[in-house]
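Number of protein chains: 2
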Amino acid sequence: MKIVILGGVAAGAKAAAKAKRLLPDAEIDLYTDDTHVSYSSCGLPYYIEGNFEDYQMLLVRSPEEFEQKGIHIHLKSKAIKILPNSKQVLIENLEDNNSYLVKYDKLIIAVGARPIIPDIKNVNLPNIFTLRKIEDGINIKQMALKSKKVVIVGGGYIGMELLEAFVRQNLDVTLIENSKHVMPSLDDEISELIETQLESINNGRFKILTSELVTEFCGDLDGVKAVYTNSGKCIDTDFVVLCVGVRPNSELAQDAGIELGETGAIKVNEKMETNIQDIYACGDCVEVTLVIDGSKIWMPLGSTANKEGRTAAMNASGVEDKFYGVLGSAVTRCLNLTISMTGLTEKRAQALGYKTISTIITKYDKVGYMPDVNNITLKLVADEKSGLILGAQAVGAGDADKRINTLTSAILAHMTVDEFYKNDLTYAPPYSPTIDPLLNAAQILTSKIKKLNN
Amino acid sequence: MKIVILGGVAAGAKAAAKAKRLLPDAEIDLYTDDTHVSYSSCGLPYYIEGNFEDYQMLLVRSPEEFEQKGIHIHLKSKAIKILPNSKQVLIENLEDNNSYLVKYDKLIIAVGARPIIPDIKNVNLPNIFTLRKIEDGINIKQMALKSKKVVIVGGGYIGMELLEAFVRQNLDVTLIENSKHVMPSLDDEISELIETQLESINNGRFKILTSELVTEFCGDLDGVKAVYTNSGKCIDTDFVVLCVGVRPNSELAQDAGIELGETGAIKVNEKMETNIQDIYACGDCVEVTLVIDGSKIWMPLGSTANKEGRTAAMNASGVEDKFYGVLGSAVTRCLNLTISMTGLTEKRAQALGYKTISTIITKYDKVGYMPDVNNITLKLVADEKSGLILGAQAVGAGDADKRINTLTSAILAHMTVDEFYKNDLTYAPPYSPTIDPLLNAAQILTSKIKKLNN
Chain Y
1 MKIVILGGVA AGAKAAAKAK RLLPDAEIDL YTDDTHVSYS SCGLPYYIEG NFEDYQMLLV
61 RSPEEFEQKG IHIHLKSKAI KILPNSKQVL IENLEDNNSY LVKYDKLIIA VGARPIIPDI
121 KNVNLPNIFT LRKIEDGINI KQMALKSKKV VIVGGGYIGM ELLEAFVRQN LDVTLIENSK
181 HVMPSLDDEI SELIETQLES INNGRFKILT SELVTEFCGD LDGVKAVYTN SGKCIDTDFV
241 VLCVGVRPNS ELAQDAGIEL GETGAIKVNE KMETNIQDIY ACGDCVEVTL VIDGSKIWMP
301 LGSTANKEGR TAAMNASGVE DKFYGVLGSA VTRCLNLTIS MTGLTEKRAQ ALGYKTISTI
361 ITKYDKVGYM PDVNNITLKL VADEKSGLIL GAQAVGAGDA DKRINTLTSA ILAHMTVDEF
421 YKNDLTYAPP YSPTIDPLLN AAQILTSKIK KLNN
Chain B
1001 MKIVILGGVA AGAKAAAKAK RLLPDAEIDL YTDDTHVSYS SCGLPYYIEG NFEDYQMLLV
1061 RSPEEFEQKG IHIHLKSKAI KILPNSKQVL IENLEDNNSY LVKYDKLIIA VGARPIIPDI
1121 KNVNLPNIFT LRKIEDGINI KQMALKSKKV VIVGGGYIGM ELLEAFVRQN LDVTLIENSK
1181 HVMPSLDDEI SELIETQLES INNGRFKILT SELVTEFCGD LDGVKAVYTN SGKCIDTDFV
1241 VLCVGVRPNS ELAQDAGIEL GETGAIKVNE KMETNIQDIY ACGDCVEVTL VIDGSKIWMP
1301 LGSTANKEGR TAAMNASGVE DKFYGVLGSA VTRCLNLTIS MTGLTEKRAQ ALGYKTISTI
1361 ITKYDKVGYM PDVNNITLKL VADEKSGLIL GAQAVGAGDA DKRINTLTSA ILAHMTVDEF
1421 YKNDLTYAPP YSPTIDPLLN AAQILTSKIK KLNN
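Those protein sequences? They're chains Y and B, same order as listed. Just so we're aligned, residue 1 is where the first sequence starts under the working numbering, counting upward by one. Just so we're aligned, residue 1001 is where the second sequence starts under the working numbering, counting upward by one.
Rather than coming from a laboratory, the hints here were simulated on the basis of the structure. Please read these numbers as outputs of a predicted model, since none were measured by experiment. From the three backbone atoms N, C-alpha and C, an ideal C-beta is built for every residue, glycine too. The reader is advised that the hints may include incorrect statements.
[What the hints assert, rightly or not] One side of the interface only, derived from the structure: several residues of chain B facing chain Y at Cβ under 7 Å: (1) 1329; (2) 1406; (3) 1409; (4) 1413; (5) 1429.
Go ahead and model the full structure; you've got the sequences and the hints to work with.
Printed below as a string of structure tokens:
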């Protein structure tokens, strides 16, 4: 039995380890165009921030550890063609440009995603970076250490995490977002709140420009020097990081006749099988089911990739396993703020055809007399008629991350707001007010729904 | 319409405020033998610890605020007899010892609980305290400020919270628990872990003695001087706090013909009605339903009291509302440790007749390279056959409180471990490992259950 895995960051690395554990005698070969394998890509902003000095902390398992387990790791080896009929993959050695064919019994595609490079004049100037791989992190950190000013293009998760990292590195930071607000995937009130709350702790070290479009980079062979925007701004900078999103690496699969989904990522079933026999796919290159309504979304995340890699490996190894999908849960930190969500935002729910009802409250995260008390703002969204919880967003300097997970369970269980209000959450002054903000919001929304349906 | 409320800490105060909001024209009178009304009893250990200087921070609403809303507060006024036939209550003014009768249309009993005074020789010596009311807190704090040594009798929630408070006040603390372990309501492995983890950060300032029984207090009219135990120890001390539990104040109700439950606390239905018409009861003097199996338990907690007070007031005011019960959720902090639980412990589940299966894991609370990473230990208990989640306990220096709430939703929804494993929890390096300990535990327990049932 020979299992070939393409890609080795989260899903691929997990799949390799799991398959070897299930089938100790199988030959397992992992090919990646990367120079590293099995690392925490999500940790790169924290490395740049200086939370730890050695980037090797980001490595989960080294190639040597894989080899010791009998898993062969082929770095700088890019899969350039899959031949399903002969069950082979064409691999190109990126060091000597030689290509060779590899046979497989089972193939697991985990080739991930790549940063989008926006079509902006001079985007290829030196010192304009994207952040995805270990090298990107090392390069950006080196640049940050010798710079005074940086421009971040894009205010999504990575952009906001880099804002924190660069502010902590004492750089002058300008973040430019072309949408109306940063974190544009969230509802407007929440995004606005993020902006006002960040502004309230701004020490003059960072600027957030919204509804602003980068029109041109300006510089020379030494690198980018300034960023021009559509409103006529010219922002001097020492370097730029582009964080305008990622795109699934689905071309290799598509070229082999593997079906893509409506999102443009690879289509798989619950067993992570593609439409071609013996070919599985997992991680950031596949689309997932949104458990709430069964729709397909593309939401690349390390935690999801990990689970999918496990499921793909189990099925490829002959042990049935299923991955049912996601709830759209995510969390990030930007300076003192935690930003967290699960399920559908109100705008997304409405776009999907739901008639929504919602409430937004700002409350203490613990009892008011505790010295470290802080505010959190919570938005709870439900279906107007049934009262079914559709999603929640939380933001604040207070404890806003794990509270959202209390709702992920509720959404997974298809609970109504009314049912959730019966919850018995833990209470003690250092951890929560007598009535937790979650219950507070549920109570308000329950009353609203009752009034409406009476 | 006249609503009379007996007791005014959490449930009574909440009931008064809610009833007035619903029935602005009703006459609402609240009688309490206490010198304060509407305060956070749970906050007293944090006041003693010095988290804030003014005990008035503990007051939610002052008697004046109640009066402004038209609610009459009668402090130091003890209800000594309820006369259901004539719908009257006999009140004794504790200042002048005069008694008088008060008419009611609806009566809400919220007289709470009182500390158990163990039957130990010389237990009535000066400077032996219990902690329940504001005065207790003020007295203990004054004593702590002028003392060097203290003995805490009892290692439950309050005992552990006071251990923290006194250690932070730089006292030499000895905590004596007669059970095998502190926090005896938890499973043994968890209690043991609490002891070892606390010992590992012990700077010589505190001693925890378990399986040790206090046999005698020794002292004179100036106060207690030493504590003797059954193993022959004699512990010098400046003062003692007894934390051996509380008991519901159910005598007044029983004397009036109100039915008590099997737990000895007042029996109520979901509308917080007693067996006598127009008499409601709520807060620490009533028993509650454990939602998991419908059994009755007595679990006095401020958060529960608050909800019950609201429900009692609504029904007394003619607006139907139900309180369905609790899941047994609780949390506390002792120094660097968070101790949290929901549902049934394994021993309690077994005592109730469940055949249980469980797993206990110790994991990082966030990704290992984050500077503030810490361990948490999580025990997950399920029904062996059905896989239904029965309960969970968490302890650790890491983020162990809100994670338990993710499981309260799951228990409320009657989820199996397998279903819970499908959960999509938020992930980012500052908040959780790629695979959250909750999912880790669910995965292990799912495999165990599958193996067993195959």
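Satisfaction of the residue 1409/B interface hint, Cβ to chain Y closer than 7 Å: Where the cut-off is 7 Å and the nearest Cβ of chain Y is about 4 Å from residue 1409/B, the hint holds.
Residue hint residue 1329/B, partner chain Y, criterion CB-CB below 7 Å: holds (5 Å)
Interface hint status, residue 1413/B versus chain Y (Cβ within 7 Å): Since the shortest Cβ distance to chain Y is 3 Å, the answer is holds.
Interface hint compliance - residue 1406/B to chain Y, C-beta minimum distance less than 7 Å: holds (4 Å)
Hint check: 7 Å Cβ-Cβ cutoff, residue 1429/B to chain Y: Because about 5 Å separates residue 1429/B from the closest Cβ in chain Y, which is inside the 7 Å limit, the hint holds.
Comparing the model with each numbered hint stated earlier shows that all of them hold.
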